[in-house]
Structure formats: C-alpha cells, structure tokens
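Just so we're aligned, residue 61 is where the first sequence starts under the numbering used here, counting upward by one.
Rather than coming from a laboratory, the hints here were simulated on the basis of the structure.
Simulated restraints, written as ranges between beta carbons of each label pair:
1) Leu167 / Gln231: 14 to 24 Å
2) Ala232 / Asp121: 30 to 40 Å
3) Glu325 / Leu175: 32 to 42 Å
4) Gln124 / Gln217: 52 to 62 Å
5) Leu175 / Lys256: 31 to 41 Å
Don't be surprised by glycine CBs; every beta carbon is placed ideally from N, CA and C.
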Amino acid sequence: MDDQARIMQSIGGVSLAGHSVQGGMALPPPHGHDGTDGDGRKQDIGDILHQIMTITDQSLDEAQAKKHGLNCHRMKPALFSVLCEIKEKTGLSIRGAQEEDPPDPQLMRLDNMLLAEGVAGPEKGGGSAAAAAAAAASGGAADNSIEHSDYRAKLTQIRQIYHTELEKYEQACNEFTTHVMNLLREQSRTRPISPKEIERMVGIIHRKFSSIQMQLKQSTCEAVMILRSRFLDARRKRRNFSKQATEILNEYFYSHLSNPYPSEEAKEELAKKCSITVSQVSNWFGNKRIRYKKNIGKFQEEANLYAAKTAVNAAHAAAAAVQNSQANSPTTPNSGSSGSFNLPNSGDMFLSMQSLNGDSYQGAQVGANVQSQVDTLRHVISQTAGYNDALGGNAMYSPHGLNANGGWQDATTPSSVISPTEGPGSVQSDTSN
DNA sequence: TTCGATGATTTCTA
DNA sequence: TAGAAATCATCGAA
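Could you build all of it, start to finish, from the sequences and the hints given here?
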C-alpha cells in the first residue's frame, strides 16, 4: 500500500464528512520518511486527526501551540491537499447551483424608475423632466412654478439621501468584503481556502448587500411616487385668477359675446396678459360659456358692466383717434389710417360702432357721437352707484348672441347679431331718459 | 360651518 | 380635436 492509499484509509477511518476521495492526487512525499514505515505513518495521521478533533476542547494557548505543532507536522501538506480536493469537489456542486444569477427584474425596474425620475444616474436638475411633465399636465403657470420648484427641491432631497445611503452601503460592503477576504487569506494558511472560494464568498457578501440596496431603492421609489402623486394631486388645488386677469377675460368675453370663441392667437394673447396658460384660458372660456348660457339673467349685470367699460375704452380710443385725425389733416378727417377705428377690442365692438347709427362712422361725425357717448357714460358712472341702479329694468345689454338652440350664432354672420358692445348706443338712449 | 363661485377634470359628441 | 356638459374640489365670504 502506498502513501496515498494509506492516507485515504485513515481519512476514511475517521469518516471525514463522509466524502470518498477518488482520483489521482499528487501528494508530496512525507517529510523524513522513505515510504516504508507504514505503521509509524498510520500512527502519525491518527495523532494529527485526534489533535484536530479535540482542538475545540483545549484552551486557547494550548490550541495555539497545537496549531503551530500541526502546521509544522510533516504530514500537514498531504492532509492539506486532500482537504483541498474534497472542498473543491463539494464547492463545485454548491457553485453550480448558485452561480450566474439572472438579473433581478424587480431590481431592473427600480433602477429604471430611479433613472427616469432623475434620482439615480447623473444629476439632471433633480428630475426636472418629470416635474415639467407633471407641471405641463397641471397646466399651471406662476403658481405651478412654485409647486414645480417645491417638487424639485423635495426630489433633490430624496436624491441626496439616496446617494448618501448608497455610498454608506457601498463603503460598508467594501469594508466588510476586505475584512472577510483578509480573514480568509489568513485562514487559508491553516485550512484549505482556494481563491475561487474567496471569490465566491465575496459574491455572497455582495449579494447580501445588494439585497439591502434593493430595499433602499424600493423605499426611494416609494418616496418619489408619494411625492409625485402629491404634486399631481395639487392640480386640483386651484387658485382663483387675479382680479385683473378675470377682468381681462370678462372684457374679451362680453365684447365678443356674439362669438365668444377666441382664436389660438387670441388665447395666447389673453394668456400672456393674464399670466395664465392657454389651456387655462380655454378652460375659463369653456366654463364661462356654459355658465353664462345656463344662467343668462345672473350674468346680466356683469354683462352690462363690461359692455359699458368696453364702450368707455372704445370711446376713449375713438376720441383720441379723431382728435389726432383732426390735428393731422383737418381738411380730410377720414383720410389715412386715423379715419378708421383701431379699437382695442375689435370684432363685435368694431361692428357695433359701425352700426351705432345705422351707418358707418365718418369723420367729424364719429368724433361728435363718440364724445357724446363718453360723456354720457362718465356721467352715468359718476352719478350712480352702479349700472344696474342707473339702468333699472332697462338692461343695456341683452344676450342676443345666443341663438334659439342655445348655441352662439356664427361670427361670420354679424349682421344678425346684436353684440353686447352695442352698449354705447343703448347707453346713450337709455341714459338719455 | 355653510354655500355659492370658480378653476379643473372627465366624458361624450360632432 | 375642440367644445359641451357634468362633475369634482377648493376657495372665500357670510
């Protein structure tokens, strides 16, 4: 029987983890032996194994001394090789089951979401894209910009916490990995630990830490989702438009009552003037049309007010234009551009002014009529608490813009439409009473 | 706290 | 796709 076989026998004799060691092993020749003293070697191996098995029962100093003795033992390299082979074989079967984990789809989803929200990946304005999308959905302007910046600030906060925690985890992971590797390297001198095994151990540690990271990512995603939903919910938190904005919108509405459908350009202009968005202008006109139609009586007073207001403005503009016209070319009052009305609110107003006396305005006649209207209106405004009182039951405006079907008449047929901005004419006759 | 006003959203239609 | 109509949700005055 050769050395190898004898070692096998001995190992088998102590039931070393029940492993049967097969295959050729290149065992180094035992120190100081020529391979003939079989009983002596058997005794040696028996001693070594006995020492190994009883090492836990010994005191630390004693064990250290024994350990040193074992390390120096002539049979140590042979036993070490056997253990290495056993470990290699058992390790392979374990590795086979554990290696090459497919990427976790949940982790991928989390990563993608964090990237999309601007939490993970390079700094790109703290998820400004997401915030902008949400802001666009909300259609807000000034107020939303506040909410937008608030959203960004909170997202930046989440991003900072996420990165700090991630860094902490990575640092802890690296420290722990280094520590374990050092320990394993240290231990590899006394027990068989292959570099592959160390690698595997590192992999296990990394997997453990990435599961912790996943929890962090999950929590971050939840935080972002909550923030996002709160931000989007804020869309419903409306704020009333400023008084000025409402006035501008109302002026347009009542001066275009025959066809209160502003064009895209007009909407943009109004949005600009009112510091709101085009969609808010659209909403406002949508609401206004519906509510006006539903309760015309209720809006009568408002209509009167705005009609008068528009009339005053128009009259001012007209008077100024006439004055200019007269100053520039007294002999030809209606020559050039100054002869025609350049009203701030064109459309109905222009039409109503044209039809004020049945004919279109010309030259000095315009000046006289308009000035008279202005004076009358000024008088009414100064003498009365409000148009309603002054006008009594004689409404200066009646909602002729609506047709029998409840819809607005087509703006392309203004001749059949009596605009509310006929106000000046009506006012003149009404107040003259 | 109530209630009307009002901005926003949703659903439907032409 | 714009607009009508219904509805929701909030604001703000009483």
